[in-house]
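Participant: Line by line, the protein sequences are chains U and B. Using the numbering used here, read the first sequence as starting at 533 and increasing by one per residue. Using the numbering used here, read the second sequence as starting at 533 and increasing by one per residue.
Be aware that one or more of the hints could be misleading.
Identical copies carry no separate label here, and so any pair may be met within one copy or between two of them.
[Claimed, not checked] Derived DSBU-like pairs: lysine-lysine, alpha-carbon spacing no greater than 35 Å straight-line:
no.: 1; residue 1: Lys-727; residue 2: Lys-673
no.: 2; residue 1: Lys-727; residue 2: Lys-676
no.: 3; residue 1: Lys-657; residue 2: Lys-573
no.: 4; residue 1: Lys-683; residue 2: Lys-556
no.: 5; residue 1: Lys-681; residue 2: Lys-613
no.: 6; residue 1: Lys-711; residue 2: Lys-613
no.: 7; residue 1: Lys-657; residue 2: Lys-535
no.: 8; residue 1: Lys-665; residue 2: Lys-620
It is worth saying that the hints were derived from the structure and are not from the lab. This structure is a prediction, so every number in the text was calculated from the model and none was measured.
The lines below spell out each chain.
There are 2 protein chains.
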Amino acid sequence: MFKVIAISRQFGSGGRTVGVQAAKRLNIPCYDQELIERVAKNSGFAKEYIESYSEYATHRGWLGRVIDGAARFEGMNNQDKIWVEQRKIILEISQSPCVIVGRCADYILRDRDDVLKVFVHADEKSRAERVVKIYGESAEKPEKRIRDKDKRRSAYYKNYTETEWGVASNYHIALDSGKLGIEQCVDILVALYNKNTKLTT
Amino acid sequence: MFKVIAISRQFGSGGRTVGVQAAKRLNIPCYDQELIERVAKNSGFAKEYIESYSEYATHRGWLGRVIDGAARFEGMNNQDKIWVEQRKIILEISQSPCVIVGRCADYILRDRDDVLKVFVHADEKSRAERVVKIYGESAEKPEKRIRDKDKRRSAYYKNYTETEWGVASNYHIALDSGKLGIEQCVDILVALYNKNTKLTT
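In isolation and in its complexed conformation, chain U is listed as follows:
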């Protein structure tokens, strides 16, 4: 039986929505924004700062890295400190049934038998439409925003987990929300969580 669902997702795939809706149907909490708030409270960093650094690699050049280096305190830079705090909170909240979106929870909880590891992705066209619908237009084309965000998420994941992001064999189930639709993705996760994949006839 699964206790926790850990969802990794491509930017704009609706993976967060899948998590929120599955949690609602299962009547368990979904941690995403709330996780950031807890990290903020425990670490002292501002929420906006955590949002930028809690699952994205920075893409600054060598000067940025020099500044990062100078900002190190006891060998950890700010991103490392957020990682440590976030990891602690994930280990804590995962003691009770919940859905956790992003933040390498799948990796952090990899040795647990009761964690369903999920990856949600979609084709670029569906994601671009979704990004504009949810986050609005911006000067940058949605395709560019998607590629940039995914690249930074992937780099962040690799940096802290030393495994590849988006490789099928790292997840128990990977779903194309563009092709299958959000609702069917939610149905499947709810069914797996309840160990009841028999369909109605």
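Since the structure of chain U is already known, use the hints to place chain B on it.
Facilitator: Just chain B now, kept in the frame of chain U:
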């Protein structure tokens, strides 16, 4: 609505069994051995020869490649000829509802809207146990057989499709049969095929 299910699978993951059982439940044919027989009939090659060359890259050294080169006829070696014949048969059989296991069918039918692209995988331990159970013991350790077969399948896939095997975003759904079990994987595919992912309560 899906018409065809194309299943790629890691060696020993039970992906073929998932395909056979899903097809049975959906009352549609499953092509695996039968596909080989058709290729044999149309190409003149022996079944055993096709089995070895229809989804595995050879792993011979330079001398093998020289012999391959010498055997080329009209620019195609035997493996290319099998690929062409296999592709033709896949395009033909996919006109009617069916399940196709392996043989890059997911790639060959990539532009079709009505093909559900599936990847089945499992952890090495589950696969090793399954390999011994189904194919029996051999001088080679099952872990070595698994790694060797996957490496050759992956190389074959890359050679003919120029895309990566096992990357989640190349499939509509990827399933860990070791964790979820064969039956749940079958349930999910049948549900998606029938566009009915609502579970019984």
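Participant: With reference to the structure, classify each hint as holding or not holding.
Facilitator: Tested hints:
{"no.": "1", "hint": "Lys-727 - Lys-673", "in the structure": "between (41 Å within a copy, 34 Å between copies)"}
{"no.": "2", "hint": "Lys-727 - Lys-676", "in the structure": "between (39 Å within a copy, 33 Å between copies)"}
{"no.": "3", "hint": "Lys-657 - Lys-573", "in the structure": "neither (37 Å within a copy, 42 Å between copies)"}
{"no.": "4", "hint": "Lys-683 - Lys-556", "in the structure": "within (30 Å within a copy, 42 Å between copies)"}
{"no.": "5", "hint": "Lys-681 - Lys-613", "in the structure": "within (21 Å within a copy, 42 Å between copies)"}
{"no.": "6", "hint": "Lys-711 - Lys-613", "in the structure": "between (38 Å within a copy, 33 Å between copies)"}
{"no.": "7", "hint": "Lys-657 - Lys-535", "in the structure": "both (34 Å within a copy, 23 Å between copies)"}
{"no.": "8", "hint": "Lys-665 - Lys-620", "in the structure": "within (34 Å within a copy, 42 Å between copies)"}
The structure fails hint 3 only (numbered hints given earlier).
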